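J.: The lines below spell out each chain.
2 protein chains.
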Amino acid sequence: MKIGIVGGTGDIGEGMALRLSPIFDLVVGSREKEKAVATCQMCTSTLKTRGHECSITGVSNQEAVDNADVVILAIPFKHVVPTLETLHGFEDKIVISPVNPMEKREFFTFVPPPEGSAALMVKRLLPPEVKICSAFNTIAANRWKALDEELSYSVPVCGDDDGAKQEVMAIVNRISQLKAFNAGPLAVSSMVESLTPLVLNIARYNKMKDVGIQFR
Amino acid sequence: MKIGIVGGTGDIGEGMALRLSPIFDLVVGSREKEKAVATCQMCTSTLKTRGHECSITGVSNQEAVDNADVVILAIPFKHVVPTLETLHGFEDKIVISPVNPMEKREFFTFVPPPEGSAALMVKRLLPPEVKICSAFNTIAANRWKALDEELSYSVPVCGDDDGAKQEVMAIVNRISQLKAFNAGPLAVSSMVESLTPLVLNIARYNKMKDVGIQFR
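Each protein sequence line maps, in turn, to chains X and Z.
Its first residue numbered 1, the first sequence is counted upward by one per residue in our numbering.
Its first residue numbered 1001, the second sequence is counted upward by one per residue in our numbering.
Honestly, the hints are just simulated from the structure, not real lab data.
Treat the numbers as computed from the prediction; the structure is a model and nothing was measured.
Fair warning: there could be bad hints in the mix.
The calculated lysine-lysine pairs, modelled on DSBU-like cross-linking and capped at a C-alpha distance of 35 angstroms, are [what the hints assert, rightly or not]:
1. Lys145(X) with Lys1209(Z)
2. Lys1179(Z) with Lys145(X)
3. Lys179(X) with Lys1145(Z)
4. Lys78(X) with Lys33(X)
5. Lys1209(Z) with Lys1145(Z)
6. Lys207(X) with Lys1002(Z)
7. Lys209(X) with Lys1145(Z)
8. Lys1179(Z) with Lys209(X)
9. Lys179(X) with Lys1209(Z)
10. Lys179(X) with Lys1207(Z)
11. Lys1104(Z) with Lys179(X)
12. Lys1145(Z) with Lys207(X)
13. Lys207(X) with Lys1179(Z)
14. Lys1209(Z) with Lys209(X)
15. Lys179(X) with Lys33(X)
16. Lys1207(Z) with Lys2(X)
17. Lys1179(Z) with Lys1033(Z)
18. Lys209(X) with Lys1207(Z)
19. Lys1104(Z) with Lys78(X)
20. Lys104(X) with Lys1179(Z)
21. Lys1207(Z) with Lys145(X)
22. Lys179(X) with Lys1179(Z)
23. Lys207(X) with Lys1209(Z)
24. Lys1104(Z) with Lys104(X)
25. Lys48(X) with Lys145(X)
26. Lys1078(Z) with Lys104(X)
Starting from the given sequences, assemble the full structure and let the hints guide the process.
T.: Dropping the structure here:
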């Protein structure tokens, strides 16, 4: 199984590439292919110094879709519409949305689109047969990148296709110490996406860094 | 400091009474005073067999407000409006809302009132000088009542009055192993209240019981 990261040269995308490329066949996409190639070189050499082999190729965002079975949209909420407008070929893919629609005003706040959540907006933008799951919403970029630390977090996964959700949960469970939880249908993604501004506020008001969540 | 529980004979209220009465001076209110007296007798005898002294008095909901410095609204969302309509005298109190506006359809879903959250609705219903905090939203009734187990959970606390929020956080931190986190102003209570339908779905879809949350 091949995983593609759209927006793989952003902060979250880079961190994901570091964690995922030693485990999965990874294609890292970017609007500018050269950036994706540079990110892959950085990943390969970072992982090599740690003694890890990795399988990772830098490509355009479109090639990241074309060459993957599972596509992760590692893009900020405001880039979702313009990015998806330039891409096609999602029909037989599983798409993972880790996107959180939020704004930083005086504090972080959840500002969902009219659909109710980023995941439901992605569903509206893509062909109806695409299997969409929300996952990885609450894991901070810095934690993805801190390879010396295990990721000891719970990852709620929402989706309407049971088989796709099981595949996504299996992916989650292979990464560090992440633990996937079935959080229900895509319709409840808003409750998952609003966790991120919540933990950002908790980090801020309690002088903590990169707060994550565990269910127990 | 005296704590009053409005709705202290409900499932959550009873559990809170069991956990709080060995630590704080507690007045437990109910629409029917006799029910509150019965709950207090149950608490006292349950705690006595465990070797705990407790300070707990069964009263009417109005007396629970009158005799307390901090009032916990341990009532379901649908009872908030009718209950608060019958009560007065909140002016100099700190009021804690653990209320979650949610519905169980095919799955649990967050259904906030027009104000955006139960806490903001409580704010609209009470005099402007009342200091309102949201807290204790995600702790299941069964966990409150399971006295053999520590409550090892994180408790996000929202509120606009810093002093009141500090007092509420201090109360939280004295109960079992609960750990209070400043989650920001009352305006972000919706992000805390929507945690509860999320963890109820997670419990349901993952065959778990009484799921709680830890920030880390």
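J.: Would you mind marking each hint as holding or not holding in the structure?
T.: Here is what the structure says about each hint:
1. At roughly 33 angstroms between alpha-carbon atoms, Lys145(X) and Lys1209(Z) fall within 35 angstroms of each other, so this suggested pair holds.
2. Only pairs whose Cα atoms come within 35 angstroms are accepted, and Lys1179(Z) paired with Lys145(X) is accepted, the gap being roughly 28 angstroms.
3. About 28 angstroms separates the Cα atoms of Lys179(X) and Lys1145(Z), which keeps this hinted pair within 35 angstroms; it holds.
4. A distance of roughly 21 angstroms separates the Cα atoms of Lys78(X) and Lys33(X); the hinted pair therefore holds under the 35 angstroms criterion.
5. With a C-alpha separation of about 14 angstroms, the suggested pairing of Lys1209(Z) with Lys1145(Z) holds against the 35 angstroms cut-off.
6. Taking the CA atoms of Lys207(X) and Lys1002(Z), the gap is about 30 angstroms. The hint holds against a cut of 35 angstroms.
7. Between Lys209(X) and Lys1145(Z), the direct Cα distance comes to roughly 33 angstroms. Compliance with the 35 angstroms bound is thereby established for this hinted pair.
8. Of the supplied pair hints, the one linking Lys1179(Z) and Lys209(X) holds, its CA atoms being roughly 17 angstroms apart against a limit of 35 angstroms.
9. Restraint check for Lys179(X) and Lys1209(Z): satisfied, since their Cα atoms lie roughly 17 angstroms apart, inside the 35 angstroms limit.
10. With a C-alpha separation of about 15 angstroms, the suggested pair Lys179(X) and Lys1207(Z) falls inside the 35 angstroms cut-off, and the hint holds.
11. Proximity of Lys1104(Z) to Lys179(X) is assessed by CA-CA distance (about 26 angstroms); at most 35 angstroms being required, the pair is judged to hold.
12. For a cut-off of 35 angstroms, the pair hint linking Lys1145(Z) to Lys207(X) stands: about 32 angstroms separates their Cα positions.
13. Distance hint between Lys207(X) and Lys1179(Z) is fulfilled; the C-alpha atoms sit about 15 angstroms from each other, no more than 35 angstroms.
14. Proposed proximity of Lys1209(Z) and Lys209(X) is supported: the alpha carbons are some 30 angstroms apart, at most 35 angstroms.
15. Taking the CA atoms of Lys179(X) and Lys33(X), the gap is near 32 angstroms; set against the 35 angstroms cutoff, the hint holds.
16. A distance of roughly 30 angstroms separates the Cα atoms of Lys1207(Z) and Lys2(X); the hinted pair therefore holds under the 35 angstroms criterion.
17. Taking the CA atoms of Lys1179(Z) and Lys1033(Z), the gap is about 32 angstroms. The hint holds against a cut of 35 angstroms.
18. A hinted pair counts as satisfied when its Cα atoms are at most 35 angstroms apart, and Lys209(X) with Lys1207(Z) qualifies at roughly 32 angstroms.
19. Our distance criterion of 35 angstroms between C-alpha atoms is met by Lys1104(Z) and Lys78(X), whose separation comes to about 32 angstroms.
20. Distance check on the hinted pair: Lys104(X) and Lys1179(Z) sit about 26 angstroms apart at the alpha-carbon level, within 35 angstroms; holds.
21. For the given pair, Lys1207(Z) sits about 32 angstroms from Lys145(X) by alpha-carbon distance, which is consistent with the 35 angstroms threshold.
22. Our distance criterion of 35 angstroms between C-alpha atoms is met by Lys179(X) and Lys1179(Z), whose separation comes to about 22 angstroms.
23. Proposed proximity of Lys207(X) and Lys1209(Z) is supported: the alpha carbons are some 32 angstroms apart, at most 35 angstroms.
24. For the hint pairing Lys1104(Z) with Lys104(X), the CA-to-CA distance comes to about 31 angstroms; that is within 35 angstroms, so the pair holds.
25. Restraint check: the Cα-Cα separation between Lys48(X) and Lys145(X) comes to about 15 angstroms, which is no more than 35 angstroms; the hinted pair holds.
26. Taking the CA atoms of Lys1078(Z) and Lys104(X), the gap is near 32 angstroms; set against the 35 angstroms cutoff, the hint holds.
The earlier numbered hints are all upheld by this structure, with none contradicted.
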